[in-house]
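The listed protein sequences derive, respectively, from chains A and B. So in our numbering, spot 142 of the first sequence is number 364, and the numbers just go up one at a time. So in our numbering, spot 177 of the second sequence is number 205, and the numbers just go up one at a time.
Derived by calculation from the structure, the hints in this document are not laboratory data. Using N, Cα and C, we set each Cβ at its ideal position, and we do this for glycine too. Misleading hints may appear alongside valid ones.
Simulated restraints on C-beta separations [said to hold, decoys possible]:
{"no.": "1", "chain 1": "A", "residue 1": "Gly-440", "chain 2": "B", "residue 2": "Glu-91", "range": "39 to 47 Å"}
{"no.": "2", "chain 1": "B", "residue 1": "Asp-127", "chain 2": "A", "residue 2": "Gln-363", "range": "19 to 27 Å"}
{"no.": "3", "chain 1": "B", "residue 1": "Ser-69", "chain 2": "A", "residue 2": "Ala-462", "range": "45 to 53 Å"}
{"no.": "4", "chain 1": "B", "residue 1": "Asp-230", "chain 2": "A", "residue 2": "Glu-237", "range": "36 to 44 Å"}
{"no.": "5", "chain 1": "A", "residue 1": "Pro-362", "chain 2": "B", "residue 2": "Gln-171", "range": "47 to 55 Å"}
{"no.": "6", "chain 1": "B", "residue 1": "Asp-34", "chain 2": "A", "residue 2": "Lys-410", "range": "56 to 64 Å"}
{"no.": "7", "chain 1": "B", "residue 1": "Asp-230", "chain 2": "A", "residue 2": "Lys-302", "range": "47 to 55 Å"}
{"no.": "8", "chain 1": "B", "residue 1": "Ser-40", "chain 2": "A", "residue 2": "Gln-363", "range": "29 to 37 Å"}
{"no.": "9", "chain 1": "B", "residue 1": "Ala-42", "chain 2": "A", "residue 2": "Ile-452", "range": "42 to 50 Å"}
{"no.": "10", "chain 1": "A", "residue 1": "Thr-285", "chain 2": "B", "residue 2": "Ser-215", "range": "37 to 45 Å"}
{"no.": "11", "chain 1": "A", "residue 1": "Ser-311", "chain 2": "B", "residue 2": "Leu-231", "range": "34 to 42 Å"}
{"no.": "12", "chain 1": "A", "residue 1": "Tyr-349", "chain 2": "B", "residue 2": "Asp-34", "range": "53 to 61 Å"}
{"no.": "13", "chain 1": "B", "residue 1": "Ala-42", "chain 2": "A", "residue 2": "Pro-362", "range": "29 to 37 Å"}
The chain contents come next:
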Amino acid sequence: MGDNMFGYVRIYKPELKFKEYELYKGIYCSLCKQLGKSYGIFSRFILNYDFTLLSALLLATKTEETEFIKSHCTFCPVKKCLTCKSQDSALEFAAAISIITVYQKIRDDFEDGNFIDKLKSVFLYPYFKAKYKKASMRYPQISEDISNQLLMQKETENSNTSSIDLAADASAKSLGFIISSQFDKSAKEVAYRFGYCLGRFIYLCDALDDLEKDKKNGNYNVILNNNHNISFNEIRNNYAYLLEVTADELAKAYELINFHRYKSLLDNIIYYGLDEAIAKVTRKEEYNCEKSV
Amino acid sequence: MKNPYDVLGIPSSASMEQVKNAYRNLAAKYQSDDFAGGPLSKHAAKKMDELNEAYDQIVFSREGNNADYNSYNSYQNNYSQYSSDFSDIRTKINSGKIDDAEIRLDGISPTQRNAEWYYLKGMINHRRGWFEEAKKNFTVACQMDPSNNEYRNAFNSVNNHTSGGYRTRQRANNTRNKSDGVCNICSTLLCADCCCECLGGDLIPCC
C-alpha cells in the first residue's frame with residue numbers, strides 16, 4: 223500500500239449530488255460502526271475508501287433494501303451520521319475483509335519491513351492477529367484465498383519479474399475472489415472480472431505512486447524494473463495508458479452487474495472517481511501544486 | 029478408438045498437471061522441425077490430431093458436465109476438421125476455457141506461429157486480465173498482417189487512443205441522457221415562441 227492509505231478509488235465530489243454524498247458518508251459510517259461492533263473500537267481506525275467502495279458495491283447488489291437511520295459518531299459526538307439500521311451481511315463481510323487485509327499488511331511489515339515499519343507494526347501485530355483469527359473463522363475460504371495470493375505475490379516479487387501483468391496478478395486475483403465470492407453462479411464471472419480489474423488498478427496506482435519511495439528503499443517496483451534512466455514524471459506520463467485500459471475493462475464489467483440501488487453513486491466512482499485517481503497518480507507534481515493553491 | 033491415456037503415455041491416475049505436461053512434450057515432438065516437409069510430416073500431423081483428440085477427451089471426462097464446454101460435441105461431428113487450424117482454439121476461448129486454449133496454442137511450434145497465433149494469444153491474455161501482454165501480442169499480429177481488421181480492432185481496444193476509451197463514451201452518453209429532458213423542453217418552447225412572433229403572435233410574452 224502506498225502513501226495513500228485511504229485508498230485510491232474515491233468519489234468525485236464536483237459531480238456528486240448531495241443526496242449521493244450523504245449516502246456515501248452513510249455507508250462509510252456504517253462500515254465504521256460494523257468494524258467496532260465485530261472487531262472492537264481500535265479496528266475502526268483501519269477504515270478507508272477502498273473498503274467503503276466494497277461495502278457500497280455489495281449493498282447495491284443485495285435484493286433486500288438497507289435502511290439508514292440517523293445516529294451519532296463515536297469519535298465526534300457532536301457529529302451526526304447516518305448508519306445502517308440493523309446487522310447487515312454485506313457490511314459484516316466488508317468489515318472482515320478489511321481486518322484480514324490490514325492484518326496481512328501488518329504481518330508483512332513485521333516480517334519484512336525496514337526498522338521503522340517493524341517498529342510501527344510490533345504494537346499493532348498482537349491486536350490484529352486476534353481480530354484476524356476471528357474474521358478468518360467467519361470466512362475461512364476467502365481468508366485462505368487471500369493468504370494464497372499473498373504467497374504468490376511474495377514469490378513474484380522475489381523473482382524480480384519485469385512483467386507488469388504478472389506483478390499485478392496476485393493482487394488482482396485477490397480482489398477478484400473477494401468480490402465474486404459474494405455473487406451467485408450466474409453473476410460470478412462478471413463479478414470476478416470486475417474485482418480482478420479493480421485489484422489490478424489499485425496495484426498499478428500504488429506502483430506508480432511509490433516510484434520515489436521504492437527507489438530510495440530498494441523495494442520491488444515492477445514499473446521501475448522496466449524503466450531506467452528516465453525521470454519519474456516521464457514514467458508516470460508513459461504509463462497513464464495502463465491505468466486507462468484497466469479502468470475501461472473495469473467499467474465494462476461494471477455495466478454488466480445488476481445493481482438494485484445506488485447506481486448513480488457507483489457511476490460517479492467508476493466514471494469520475496477512477497479518472498481522478500489516474501490524474502492524481504500520473505500528474506503527481508502538477509496535482510500537488512494545484513492543490514496547494 | 030485408442031485409450032486417451034495411452035496416447036499421452038500416462039496412467040489414468042495422473043494429475044491434471046501431469047496430463048498437461050505430457051501433452052506439451054508430445055506436441056513439441058510431433059511438431060518439431062525434424063518432421064516438417066519430410067516424408068514423415070503427414071504421419072506426424074496425424075499423431076498431432078490424435079494427441080489433441082485424446083487431450084480433449086480427458087479434459088471432458090474430468091471436468092465433464094460443465095455447461096460451457098461444447099467442444100466434445102463439436103469434435104464428434106467435425107473430426108475431419110480437427111487439425112492444427114485455430115477454430116477449435118477460438119471455440120475454447122469463447123467458452124471461457126482459457127487454460128486449455130493456451131495449452132493448445134503453446135503446443136504449436138514456434139515456426140508456425142503466424143499473425144493469427146499472436147492474435148489468439150492476445151485474446152487469451154486479454155481474457156485473463158493481462159492487458160500489457162495482450163497489447164504486445166496484438167502489436168505483433170498487426171505487424172504480421174496489417175490489413176486484418178479483427179487484429180486492428182483488438183489492438184485499438186488495449187491502446188485506448190483515438191475515439192477515447194469506453195468510460196469517456198459512457199460518460200458522454202450519461203450526460204446526454206440526463207440533460208435531454210429539460211434542454212429539449214426549453215429549446216422547443218423558445219423556437220415555438222420565435223415562430224409565433226414571426227407570424228405576428230406571441231407565445232411567451234417575456235421573451
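message: Hints numbered earlier in the text: which of these fail when held up against the supplied structure?
response: Hints 6 and 11 are the ones this structure does not satisfy, whereas the remaining hints hold.
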